[in-house]
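Engineer: For the record, the sequence lines run as chains Y and P. UniProt numbering puts the first residue of the first sequence at 1, with every later residue one more than the last. UniProt numbering puts the first residue of the second sequence at 1, with every later residue one more than the last.
No lab work stands behind these hints: they were computed from the structure. If you're wondering where the values come from, they're calculated on a predicted model, not measured in any experiment. Please note that the accuracy of each hint is not assured.
Identical chains blur together in the list; that is why a pair holds if it fits in one copy or across any two.
Straight-line Cα separation of at most 20 Å, SDA-like style, residue types lysine to any residue; simulated pairs [unchecked claim]:
| no. | residue 1 | residue 2 |
| --- | --- | --- |
| 1 | 322 | 209 |
| 2 | 322 | 35 |
| 3 | 322 | 96 |
| 4 | 322 | 433 |
Listed here are the chains, written in short residue letters.
Protein chains: 2
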Amino acid sequence: MSETPDSAVRTYIDRHRSAFLDDLMQWLRIPSVSAQPEHAEDVRSSAEWLAAKLRETGFPATEVWPTDGAPAVFAEWPSDDPQAPTVLVYGHHDVQPAAREDGWDSDPFEPEIREGRLHARGAADDKGQVFFHTLGVRAHLAATGRTTPAVHLKLLVEGEEESGSPHFRALVDEHADRLAADAVIVSDTGMWSADTPTVCTGMRGLAECEIRLHGPGQDIHSGSFGGGVPNPATAAARLVAALHDEHARVAIPGFYDGVTDLTDRERELFAELPFDEEQWLRTTASTATHGEAGHTTLERIWARPTAEVNGIGGGYQGPGSKTIIPSSAMVKLSFRLVAGQDPDHIEKAVRAWAADRVPAGIRHEITFGAATRPCLTPLDHPALQSVVRAMGRAFQQPVRFTREGGSGPAADLQEVLGAPVLFLGISVPSDGWHAPNEKVELDLLLKGVETAAYLWGDLGRNRRDGD
Amino acid sequence: MSETPDSAVRTYIDRHRSAFLDDLMQWLRIPSVSAQPEHAEDVRSSAEWLAAKLRETGFPATEVWPTDGAPAVFAEWPSDDPQAPTVLVYGHHDVQPAAREDGWDSDPFEPEIREGRLHARGAADDKGQVFFHTLGVRAHLAATGRTTPAVHLKLLVEGEEESGSPHFRALVDEHADRLAADAVIVSDTGMWSADTPTVCTGMRGLAECEIRLHGPGQDIHSGSFGGGVPNPATAAARLVAALHDEHARVAIPGFYDGVTDLTDRERELFAELPFDEEQWLRTTASTATHGEAGHTTLERIWARPTAEVNGIGGGYQGPGSKTIIPSSAMVKLSFRLVAGQDPDHIEKAVRAWAADRVPAGIRHEITFGAATRPCLTPLDHPALQSVVRAMGRAFQQPVRFTREGGSGPAADLQEVLGAPVLFLGISVPSDGWHAPNEKVELDLLLKGVETAAYLWGDLGRNRRDGD
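Build the full structure now, drawing on both the sequences and the hints.
Structural biologist: Written out as structure tokens, the structure reads:
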């Protein structure tokens, strides 16, 4: 007994599919590359274009929010049901740099449909996945006969995600009241494959630091002095080597404090995914897996915290040799964090660990960058169940669960708004994010529209059932 | 009952001191900087100047020997005693780069005598110490009434020492017959201090390698893949960290095979030197000593083998952060070797150690550069005793023993000629080798002349006594 008969949704989407794609292609023609200052005006145009399109879609309130960098777009469409839950959709309208000569088969900013795929920079990351919400909410209304959505619907589409979202946290803090929501839906991820629809239930957090180690006041001769004074490059290497124990577990005391371990059910669900490790290794261009003992590769990259050295340097790195004890060395470390870990606690633990290990005669300094918190939504969360049901109806297949090993600004929304973060993405690994010939599969894009159309009704019903 | 009354030697030196210094200053005006191609002609002029001066001194045979780089000078003055031993003196006529604006108080190639010191590039390293042999052999002849030296005297003065002596081994191999000697006297080192005359009894050898480690085919995302594949920068760091055990001993299996340990007598002699560790630390610009357990600093830097990382690099080393697992990393290692160690054996040991430690999924390559062998002359060697006696007569003080932690081409002479290597140097640590305002103390320079004058008689007498 559905309020939104699925056939009505499909019929509506079919009828509007062509105009929807025309509009999306128009947006994709705006080269909103946030990393390139020469495209700053394009990023602003992209925001204005989207705000206008959202007004045309029916959002009564659409605003372009300035930041100290590129502007974001905010839109709001209240439900006529004051009891309806509030949902905030997150995405971004900026794109990665792209140039035809990087290996594109067509102009990255002149969208082309070839063999059921829409090729353009931003087709999947993230304009296509933001844009399916426009037709999605219209289909929801048409199929239910409503004039307003079954949820209080909000959209926040930022303009600096591809540049590391440097002003996002300030934006969210500034507009926390306007952004308040019962759940956040992030449409900036993907699913397992075209055959295996999945919902992502969490992202890892991130803490980063640079450790600089200082030994002799200048490079000194390794013959005259070698063996008699401490070498800062050795100290740097010994820190990195001490990051992990013999089981590839992070060996920093206190690092695992509070970690939310995977449940048996989650481990089973990961194990059910059609994971081909050989194929995965090829995507990493590596020849062997390596990681924490007692965990599978998917568990390691999605649900376990890590320590990695991203860079190390010291002494002479040019051709040939130079027999010196270097004056200084440095390491850049990053830590992926999972639910239950606190970046502040990690920073304290790393500082104490380093101070304990740097030898006499070596001075060290540690600088931490801004941290990103992990986020995780339990499998049995009602809003997550709504996403699973909506996606199941659209894809007509069982929906499985993944997580995301990377880190993103969604964590700021979770933290500031105190709302669970859910992920609704229809992109697949072959879509070529950040690569030449980025594309989105049209079939999947329209499944995204359809999922969104079902989701608002399902979420609205949840809330009313619960009240 | 000396054949060369010391007063006769001193009188001769006093009488010729002024002409000797004029000649040396003329030589120092030739900017024979082997590292700078624009001075290639000056290096050739320096060789020609020296060859002519040695002829003038009385050497019947003087030759300029070409190499694939800068030329060397060879001179030979046979003794009229066919039973006399043959001695080869080694030095170099090229100098380090120098420019007035580097902080010189006078033009580096316009020698100046100020307060008993001769200031010029090359004054101590090494023209001054080569040149004291010219007046030395004349004083020897004058004081003994001989017309030829009491030893078959040979000089080899190379032109590329400051550029790493790239063609020296080939030169020695080519002329091995001409260079054959019973002992080699290296005049390219120094002594403890003006108050503490010393003889160096050995130099460390050197083996160097670069290890490159390859992981993913390109840098990959530390969020998407971190925790799942091996990181080559971690592998590099773990190799460096594994170089030493907790006692700061080199932990490469087989590394210490064959090492000639210090005798108790040598350790006592080192301990008698007026070594001020705080002062020494200031010269290293370090704040703490560090090294192999159970050994003093002097033992560590002179007589114990070492492993040092001279450079390490991998991943992102620029400002800020980049969350990658780097594709590759590299380390440059150097090993100082002591008597009894064989560079070929060290290379095999390092290769086996690395192969054993690099984890699955990381490919590595090791490249070794040309090695330098260690050299060591036992304290009771008759030729060493001659040097000690000659120096003691010149300085009228007890002569103590040191070693040299660095490595040099003298080892090639030891290896090819099969002769012990002795060191006769009068430079002191404050002479500023390779630094602005290089100088030589005139008093010590003339003690060098005097030592050389006594040495040939003493060495010649040794041989005759022994026959």
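Engineer: All hints are to be evaluated individually against the structure, with a verdict given for each.
Structural biologist: Here's how the hints hold up against the structure:
no.	hint	result
1	322 to 209	between (29 Å within a copy, 11 Å between copies)
2	322 to 35	between (38 Å within a copy, 15 Å between copies)
3	322 to 96	between (41 Å within a copy, 16 Å between copies)
4	322 to 433	between (42 Å within a copy, 17 Å between copies)
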